[in-house]
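For this one, chain P is given, so just place chain C on it according to the hints.
Protein chains in written order, with the numbering used here: chain P, 1 to 433; chain C, 1 to 143.
Mixed in with the good hints there might be a few duds.
Stated by the list, open to error - Below, computed lysine-lysine pairings styled on DSSO-like, alpha-carbon distance capped at 30 Å: (1) P:K363 - C:K14; (2) P:K386 - C:K2; (3) C:K14 - P:K389; (4) C:K14 - P:K386.
Claimed, not checked - If the Cβ cut is set under 7 Å, some of the chain P residues that face chain C in the computed set are: (5) L373; (6) V376; (7) E378; (8) E413; (9) P414; (10) I417.
Claimed, not checked - Short, incomplete list of chain C residues facing chain P, as computed with Cβ under 7 Å: (11) T35; (12) I36; (13) T69; (14) G77.
Everything labelled a hint here was simulated from the structure, so no lab data went into it.
Note that the Cβ used here is the ideal one computed from N, Cα and C, for glycine as well.
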Amino acid sequence: MIWKEQVECVDPSDLKNLQSDYLRKLIAYIYNNCPVYKEKIDDAGLRPEDIKSIDDIKKLPFTTKVDMRDNYPYGLFSADQDKVREIHVSSGTTGNPTLVGYTKDDMKLWSEVMARTLCCAGAEPGDTIQNAYGYGLFTGGLGFHYGAMEMGLRIIPTSAGQTARQLKIMQEFKPRIIVCTPSYALYMAEEAREMGIDTSKGNWKIGIFGAEPWSDSIRREIEELWNMLATDVYGLSEIIGPGVAQECTYKDGLHIFSDVFYPEIIDPETGEEVAEGQDGELVITTLTKQAIPLIRYRTRDVVSINHEKCRCGRTSPRISKIKGRTDDMIVVRGINVFPSQIEHVLVGIEGTQPYYQIVVDRKAHKLDEVEVLVEVEEKIFSDEIKELKELENKIRKEIGSVLSIGVKVTLVEPKTIERSMGKSKRIIDKRTL
Amino acid sequence: MKITQISVFLENRKGRLFDVCSLLGDNNINIRALTIAETESFGVLRIVVDKSDVAVKLLKDSGFVANLTHVVAVEVGDKPGGLAAVLKVFADNDVNIEYMYGFVEKFSDKALLVFRFADTDLAQQILAKNDIKVVTEKEIEGL
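In isolation and in its complexed conformation, chain P is listed as follows:
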């Protein structure tokens, strides 16, 4: 079923009118309520009245992660904090975390786009869903929860982890829909096999996997292991969380809910829009959000877009799976990791060099493993093994607490990490995504 047919299948010209109307209201709203955006708009030499239609969006300045960091915590908010009903915080790249907030209407919007997401993947009211995305500050768990509530599913809120228990619950309550990160789906299948459970025989039919990039070969693998339809969901907390775009059952691109999240695909160097079908950076404007609406937010995700009507009946444009990043961010177990976060920790630990390398690997369908190689300088070298182990532990704990994921730290000899003239090779990603 299609949750909100009147917008998901709308005629393109009507859609444009709707988007133009939303954009005009949005610009007036943030101009009057968010001093940071007022200044940005003034600096661009614009008046709110200059924005007449959605095509004028190109005149507006971009918003970046740096803007969010520099204006932490509330600078980019357009709503007062007493109107905010929920906040989510993610770890920061170099100190400040990223804070997002939702008003009551934003919560309604999130529930609605998540209901659209679930329907898009083939969910039917009355289905049982096992939600193995992490509940908490990560938007994945609660986003799916609200959407499932909205469309009337029976929710099993297992959250992530405790795999043996997940599998038992799955057998007992027979969910038709399973949602989690793709790497966790692979991991669960592996654990199930060790427990003697055949994951290809179950009541489940649909999986919605996201929060990390994954390829079609991983999709085939998951579909085979679980005997289900594996679909991709896209989202980011800055925009709303999950619920920005979702594959339909034809699995031919992710339908972006463009009536509320207006997409542009740009050349990251020039900022100019690229031709339909060309790869570029996805930029999103939240047309109707209240608490922290963002104008032309640079997602850094590289995708292409297709505006053709889909076989499923939806007219909403489809973005490709994420093809890369325009920065050096990697996603590990659903968590965004920037090398600068690790560098920041190392600089703070006396004696360690800023020479490091991050090796990400996924061994035999187990979860992603992160190893941080750190060069041992003479200053910190000790004849005592215990002192070296203490140093390793200290680095491991501090990186772990900044990234919110466990890492392995390995001390290596100096000058063994490759130096290059330009950008050094900070990340070795051995995973097959």
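Using the frame of chain P, we list chain C on its own:
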């Protein structure tokens, strides 16, 4: 009498021990005693050589992380109970041993052991008081 030990950081990588040993060998430096302390990801090679100053410079120039540590080389009777007799002296006098290892070759009819003490000065006093022979740096060079 303290002697000098060189400690070298070794990454857990094929051929690293060989690299150290061949570097020393090519430069005519003789290893007298050696031990490796290892963890799952790295190791520390501890060696006593005949020309420690030359050796440590050589190692650093070749990109190894190395430093010098003071240890004590103690003569122990090469017979059953020989080591136990020396260890009893340490135990009775609260001398804490961080680690120890044996020499590659013999200096006399006695066995030679390298000790790293928590408190090297205290250990030396106790050894002297108990007439336990320690080997000097000069004697190591002449081995």
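Hint check:
no.	hint	verdict
1	P:K363 - C:K14	holds (22 Å)
2	P:K386 - C:K2	holds (23 Å)
3	C:K14 - P:K389	holds (21 Å)
4	C:K14 - P:K386	holds (23 Å)
5	L373	violated (9 Å)
6	V376	holds (5 Å)
7	E378	holds (5 Å)
8	E413	holds (5 Å)
9	P414	holds (6 Å)
10	I417	violated (11 Å)
11	T35	violated (11 Å)
12	I36	violated (10 Å)
13	T69	holds (5 Å)
14	G77	violated (28 Å)
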